[in-house]
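Chemist: What follows is the residue order along each chain.
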Amino acid sequence: MRMISKFVAPEIIFGLGALSQVGESALRLGATKLFVISDPGVVANQWVDRAIARLKEAGLSFEIWFEVTSNPKDYEVIEGVKRYQDTGCDAILAVGGGSPIDVAKAVAILATNGGVIQDYEGVNKITRPLPPLLVVPTTAGSGSEVTQFAIIVDTRRKVKMTIISKSLVPDIAIIDPVVLQTKDARLTAATGLDALSHAIESFVSLAATPLTDVNALNAIRLVARYLRPSVACRSNLEAKSAMAMAALQAGLAFSNAILGATHAMAHQLDAQLDLHHGETNAILLPYVMEFNMIACVEKFARIAEAMGENIAGLSTWEAAERAIQAVRRLARDLDIPDKITVGNLSEERINNLAQNALKDACIITNPRDVTERDLHNLFALALKRGIQVD
Amino acid sequence: MIDDKARLIENLTGVRSSKLNYYVELKKRNREIVIQNRRLEIIHQLSRDINIDMSLEMIVQRVYENLPLVIPCDFLGLITLEGSELRLVATQPPLPCNGLVVPRNSVLWEIIRKQQEQVYLCIAGDGKLLEELPVRQFELNCLILDPLKVKQNIIGMLVIGTREKNIYSQNDLTFARQLADQLAICVQNRRLYEEVVQAKREWEEAFRARVQMQAQLVQSAKLAAIGEMAAGVAHELNSPMTVIIGNAQMLQRELVPEHPASQLLKDIVACGLRCKKIIQNLLTFARQEPPAVAPTDLNEVVERVLSLVKYQINRNGINVCTDLAPDLPRVAANGQQLDQVLINLLLNARDALEGVERERYIHIRTGVRRDENGRRCAAVTVQDNGQGISPENMSRVFDPFFTTKEASRGTGLGLSVSLGIARAHGGTIEVESRPGEGSTFTLVLPLEEDRS
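Respectively, the protein sequence lines represent chains V and C. Add 303 to the 1-based position in the first sequence for the numbering used here, that's all there is to it. Add 58 to the 1-based position in the second sequence for the numbering used here, that's all there is to it.
Treat the hints with care, as some may be off.
As the list claims (entries may be wrong) - Pairs of lysine-lysine, DSSO-like flavour, derived with a Cα cap of 30 Å: (1) C/K63 with V/K336; (2) V/K469 with C/K63; (3) V/K336 with V/K461; (4) C/K335 with V/K428; (5) V/K376 with C/K86; (6) V/K469 with V/K309; (7) V/K309 with V/K359; (8) C/K77 with V/K662.
To be verified - Simulated DEER-style distance windows between Cβ atoms: (9) C/K85 with V/P640: 39 to 47 Å; (10) V/E327 with C/R221: 29 to 37 Å; (11) V/M306 with C/R221: 58 to 66 Å; (12) V/S364 with C/E168: 42 to 50 Å; (13) C/L127 with V/G333: 28 to 36 Å; (14) C/Y81 with V/D641: 19 to 27 Å; (15) V/P640 with C/E90: 53 to 61 Å; (16) C/K85 with V/L514: 45 to 53 Å.
Honestly, the hints are just simulated from the structure, not real lab data. Computed from a predicted structure; not experimentally measured. Cβ atoms here follow ideal geometry from the backbone N, Cα and C, with glycine treated the same way.
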């Protein structure tokens, strides 16, 4: 048990219509020209246009760049830094899901620290302050708007690099549930389950603290109660607000308590197969929970309670199992498959996935000690092999 | 393993990592800018000092005043490449070893030889280093060695040293490089300045010599004209002299020896013959022919020359005495040229005696002696008891156009031409003099048997 812990969070502006605070916030950070990073989907929804209108109102100039894909790649970062420097910007605004925010963090690193993004893989490799960073998340899931993480794909090695540093915690996170309305059902479901996996993994993490626990448990409660209505109805602003808060609290929890095996494994699959990160997590989570249960039965029982399960009169063990069932049921209700379907995945590739997952920073805080063999078995369980052919 | 995991978790979440702060960075940058400003000041000061005729010691001292504010520095040294030597020319704090030559096996020479321009970081005490530099004296631990380069050529080296260990950053090295570049310009400009001053001095000297030479050339042209005229006159005198002698001899034959006029006629014939002889010698001397070398008796040269100039010398109240070695071996020489040398020595002796109150004499000796190389030589010595030569002029008496005589009398060419003749014969002219007591000039010529 650690005697001293630390909790880091950005300034957070939360609420319906919070997007209107973008210009003022940028001014407070001392920005004069913002590098606005987004992705084509968000630009199409006009959230970027609204953000820019606020920048204009505040008398700020800007440069827009939105060539970011999901699972952001190292070469995109190179392009972004070049654009940032060529256009003489002095602050960064990311509008979008986890990908544009992670790219924004990576661009910020290279803008003041130089080098290539691979230089910063790992923990605490950043030596200089980053340019002011504002983020406006448009999905409720990644938590990147409040975390000290950035995940970038090294396209040569085909791995997701995890970059961890307190410097990556954005300066200001502006969270406006209104923007969640434009997400389709599938994306809403996937990102919501991503937030759930963040909350559950950080709750059982070896580095969990009372401050992270409170955030994690509340996030679990909110997801269990509001994800279904949020997926079901786009315009349900109550559900959207709750999911935005869930994603935020899950982010605060895992940024400070870190994650576990689910994410260590998901990072590998995403990088190798370019899958949707939220969905991958949703599928892997129950398998990892089953594996981890013996390490923290009590906590699992509390998860079950938070998920709204009636555990009265149950043994701790039975209650803990209810947590796993509840996660499975939620995924099923949202049409998330219970296996990952890929074509002809060889034994060798699974070995490779297991080896890389063992090196992922997230594995360190997994509540149960993990071996390469354990990871191999978990991958084997979650992958429905040989059914679909490439 | 467990500790390792705890440490990793601590890294991920713990209190030791922190968000880097712009204000801290700003303060750091401000400090750097202040240092950078001081550095620029130093470089600016250097570029200003170039204009002043400032010694290298002064320049190094000025740089050292501010240097420790911007770079760890307990010692500053300037080494210059002079010809084939590396020399420590200025240090701060000042050292008595200024001017010290850097030994060939030093690491400094290695850098110069490789013509490498980048800055070197040396850690003191690593064997190769630098006993020649005051590393020990100042207990230096780190040294920056920075070659001074001007247009592809290394002209020296800047040495910055400190007692601190492993202290120099990349930033420091960059600054050292800039400082060295500026200093290289300083050193080079100083050199050019010195060269200009030197060239000016030489030019002025050459100009003065040229003016003097021109005057003397006019004078020698005049002398040549007079000489030619004298030869003509001598030639013209030959015929009347023949008539005088012939007529006197005819009269002599007609007179009995007891006749009172007989003695007078005898004197007329003798004087006539003597005149003829003088005329003959003068014509021989004046004749411009390529020098012919023949066995020459120095005693005869003395006799011949005396017949030309003895009268003049005697007329000045100077006593000429000779002490000629009998059986003097002959030397292979051009008689006429030796005549010229001896006439010169005699006339110089005569002039040196002018205004001398005591009884004046010129003493001519011949003899055999050994020269400084041990060769057997014949020598003619002309000694006078005149005014002598002052010590400051001793080294210049053989310089062309050097003369202490008034313009109407000397050309300053006599001794220089004479030395030329002596050298052409494989010999030399030695000179000894005591101011107020007199001078001795000796023409030394190697004997024939030894010349091969």
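Chemist: Of all the hints numbered above, which does this structure not satisfy? Sort the numbers upward.
Modeler: 1, 3, 4, 5, 7, 9, 10, 11, 12, 14, 16
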